[in-house]
Amino acid sequence: MIFLAVRYLVARRRQTLLMLLGVFFGSAAFVLISGVMLGFRGYLVNQLINTSGHIHIAAREEFLTDHSLDASFYGPLARVFWRVPPSGRKDSAMIEQPQAWYQRLKADPRVVAFSPQLTAGVLFSKGKATATATLIGCDPEQQVRVTTIGDYVTAGRFQDVAAGGGRLALGEELRRKLGVNVGQDVRVSLGPAGGVVPFRVAAVFTTGNRLLDELSYGALADVQKVNGTPNQVNEIVVRLADHALSAQVATTWAALSPEKVESWDQRNAYIFDVFKIQDTVRYSSIGAVMIVAAFGIYNVLAMTVMQKRRDIAILRSMGYSTRDIVVLFLSQGLLLGLSGTSLGLLAGYVISFYLETIRLNAGPIESGIAHILVSRDPSIYLQAAALAFAAASIASILPARAAGRLPPIEIIRAGAE
Amino acid sequence: MAIIARSIGKRLGEPPSDILSGVSMEVRDREFLSITGRSGSGKSTLLYLLSSLDTVSSGAVEIDGQDLGAMSPEELCFFRNRQVGFVFQFHYLLSELSAIENVLMPARKAGEEETRRAYAFNLLEEFGLAGKSDRLPRELSGGELQRLAIARSLIMRPKYLFADEPTGSLDTANGELVVGILRRINQRDGTTVLMVTHDSGFAAAADRQIRLADGRLGEADTSVGASANGRTDRSVAPHDRGGSL
Ligand SMILES: Nc1ncnc2c1ncn2[C@@H]1O[C@H](COP(=O)(O)OP(=O)(O)OP(=O)(O)O)[C@@H](O)[C@H]1O
Ligand SMILES: [Mg+2]
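Taken in sequence, the protein lines are chains A and B.
Read in my numbering, the first sequence has 215 at position 215, and its numbers run on one by one without any break.
Read in my numbering, the second sequence has 145 at position 145, and its numbers run on one by one without any break.
Just so you know, these hints were derived from the structure itself, not from any lab.
A virtual CB, placed ideally from N, CA and C, is assigned to each residue, including glycine.
Honestly, I wouldn't trust all of these hints.
Okay, the calculated beta carbon distance ranges per label pair [as the list claims (entries may be wrong)]:
#, chain 1, residue 1, chain 2, residue 2, range
1, A, PHE3, B, ALA213, 41 to 47 Å
2, B, GLY142, A, PRO407, 24 to 30 Å
3, A, LEU21, B, GLY190, 54 to 60 Å
4, A, LEU21, B, GLU139, 30 to 36 Å
5, B, ALA118, A, LEU398, 40 to 46 Å
6, A, ALA414, B, GLY142, 18 to 24 Å
7, B, THR55, A, LEU21, 43 to 49 Å
8, A, GLU410, B, GLY142, 20 to 26 Å
9, B, GLU139, A, ALA288, 41 to 47 Å
10, A, PRO407, B, ALA118, 34 to 40 Å
11, B, ALA2, A, LEU21, 55 to 61 Å
Simulated coverage check for chain A against chain B, where a stretch passes if three residues somewhere in it have a Cβ under 8 Å from a Cβ of chain B [to be verified]:
#, region
12, 6–18
13, 307–315
14, 319–333
15, 404–415
Sequences and hints are given; from them, build the entire structure.
This is the structure in structure tokens:
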């Protein structure tokens with residue numbers, strides 16, 4: 001029957017081509033749109049996971065409410081009416097018992113490494129150039145095990161931050177703002193009025209992510225001194241053996257401690273919401289293309305069935321069964337689905353390499369990639385094939401079944417009149 | 001063995017009307033039987049009932065001892081493929097296929113396309129279609145198309161050949177050619193032939209004639225050229241044993 005199906009398709013070249021194009025564009029578009037979206041997504045997620053660590057343990061920031069001070073001033077039973085209610089934030093946003101955390105993390109077999117940090121907002125100045133930035137105090141040896149920051153160092157060595165006191169690693173953006181180079185000094189203060197401490201630039205890193213490239217790292221003890229908070233840390237960054245466990249582990253730890261414990265995906269939950277919206281748009285737009293393609297196939301096949309009523313009748317009179325007739329028309333749809341899909345996937349694959357050569361203007365996030373990233377994950381191709389093939393088969397099953405049900409005798413009777 | 005109709009009837013249409021009623025008859029093996037009657041008398045309907053294409057509203061048709069009504073769809077397909085050939089007034093060839101491919105379609109269903117290819121060429125040659133095997137139907141004349149359709153109906157060497165006005169769309173010369181072919185395969189191969197025709201001249205080529213009137217059997221074994229259609233003056237093809245029964 002496939003032999004005859006092919007003949008039918010070849011005989012109606014124009015219609016066949018149109019039906020083919022529908023499936024072709026549908027599957028090619030799916031592969032390309034998904035490839036670009038997932039390519040960028042993969043890059044983003046990879047950066048999230050690797051440059052900022054799997055789990056962050058941070059002091060919970062507490063805000064004062066109207067009555068949070070009642071008990072400490074007037075005892076637990078007092079009912080207090082404030083003329084000016086207390087407001088603001090508890091000052092010391094520090095992890096209360098870091099040692100307990102260190103022991104727990106060391107004992108946990110899932111933890112590969114962890115790095116206690118003290119983060120401070122500081123003012124950098126070099127000559128007349130100033131810049132406010134986040135200064136992260138850490139143990140550089142641990143930090144490079146927990147995050148990939150060491151991989152992005154473009155000048156100097158990240159570990160040198162620990163060699164002697166008063167050394168810094170600057171992000172490229174920050175370095176440019178200050179106009180300094182490795183080996184030069186910058187001055188660091190907590191604010192315009194605070195005391196000034198000189199630091200020497202020991203390393204520069206470029207991640208490509210502007211937000212990360214505005215950070216700076218120093219040795220933990222140095223930052224504690226600048227901040228006036230010796231021996232204190234406000235964040236512990238943890239790396240697990242398996243990053244997929246991050247959310248689960250973070251949730252159990254959060255239940256055990258007063259600190260805020262968040263995994264990389266929990267910290268960036270909004271990004272996953274964006275992903276969901278992207279997916280909805282992606283599937284519905286491709287779905288629309290597929291529905292149009294499916295309607296095309298349905299229309300042409302339904303018309304063919306009507307035009308080929310006599311063929312159906314004569315085939316039945318020769319002993320071809322209902323099933324043979326269904327196969328005759330179904331296989332036309334499936335052939336179209338198969339060839340349209342494979343051509344579409346092939347075209348998508350080839351075009352994806354071309355897309356990767358397109359250069360991007362450095363945006364806030366893309367500045368590191370500088371060209372479009374296209375994912376060629378086999379699952380995209382499988383999905384596209386499944387979708388296009390499903391559309392083609394659903395579109396052809398209805399006319400095919402109708403063809404199978406046509407009673408040959410009525411066609412012959414009508415044809416004889 | 002033979003085809004036996006037991007008081008068969010057919011109701012059709014809305015409101016239902018009896019197109020055929022109480023027809024009892026027998027088609028013997030190796031017989032050439034013609035069915036004649038006025039237009040609308042139910043000739044085609046009877047042929048379709050006897051040939052398993054249509055189902056009876058009452059009565060029963062038995063072919064080689066098997067009740068058609070009791071056969072499964074698979075058995076019917078197999079039966080039509082192996083035992084039956086059809087020729088219609090219109091050729092019903094598949095326009096996308098070449099002459100030889102059309103002839104081989106029943107063999108393709110049986111999975112015997114290759115083994116019957118030589119026989120297909122024989123048939124084409126016998127029917128004056130040698131050298132035209134690769135032509136598409138639209139590249140052949142009406143008479144050639146009908147002969148091609150007969151070749152197709154014979155490719156499986158069926159036991160029964162049913163022909164519904166096979167000459168209906170042909171001119172006299174081509175009609176005679178076709179009836180001659182039917183006559184020949186009946187005599188040479190022993191194929192049982194049932195031919196519907198409203199041409200009494202062609203009907204006379206048969207061993208036996210059945211006449212239908214208003215869905216009922218009229219007098220059988222009418223002799224040639226009784227009254228119909230002003231064809232009485234012409235004799236048809238060399239039909240040596242005009243009415244052997
Ligand atoms: N689907 C139908 N519904 C109702 N009546 C029908 C239907 N098909 C055919 N008929 C009627 O059945 C009768 C017999 O039809 P049939 O085709 O068997 O006649 P016929 O003898 O072959 O005629 P002709 O020589 O014109 O081919 C006709 O009167 C026709 O009008
Ligand atoms: Mg008729």
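Checked hints:
1. A:PHE3 with B:ALA213: 41 to 47 Å: Given a distance of about 46 Å, which is inside 41 to 47 Å, the answer is holds.
2. B:GLY142 with A:PRO407: 24 to 30 Å: Roughly 28 Å apart at Cβ, these two residues keep to the hinted range, so it holds.
3. A:LEU21 with B:GLY190: 54 to 60 Å: Between LEU21 of chain A and GLY190 of chain B, where Cβ atoms are some 55 Å apart, the hint holds.
4. A:LEU21 with B:GLU139: 30 to 36 Å: holds, 31 Å
5. B:ALA118 with A:LEU398: 40 to 46 Å: holds, 41 Å
6. A:ALA414 with B:GLY142: 18 to 24 Å: holds, 20 Å
7. B:THR55 with A:LEU21: 43 to 49 Å: holds, 44 Å
8. A:GLU410 with B:GLY142: 20 to 26 Å: holds, 25 Å
9. B:GLU139 with A:ALA288: 41 to 47 Å: holds, 44 Å
10. A:PRO407 with B:ALA118: 34 to 40 Å: holds, 35 Å
11. B:ALA2 with A:LEU21: 55 to 61 Å: At 57 Å between Cβs, range holds.
12. 6–18: holds (count 4)
13. 307–315: Result for this restraint: holds, n = 5.
14. 319–333: Three-residue rule met by the region 319–333 of chain A, so holds; n is 5.
15. 404–415: It holds, with 5 qualifying residues against the three required.
Checked against the numbered hints listed earlier, the structure breaks none of them; every hint is satisfied.
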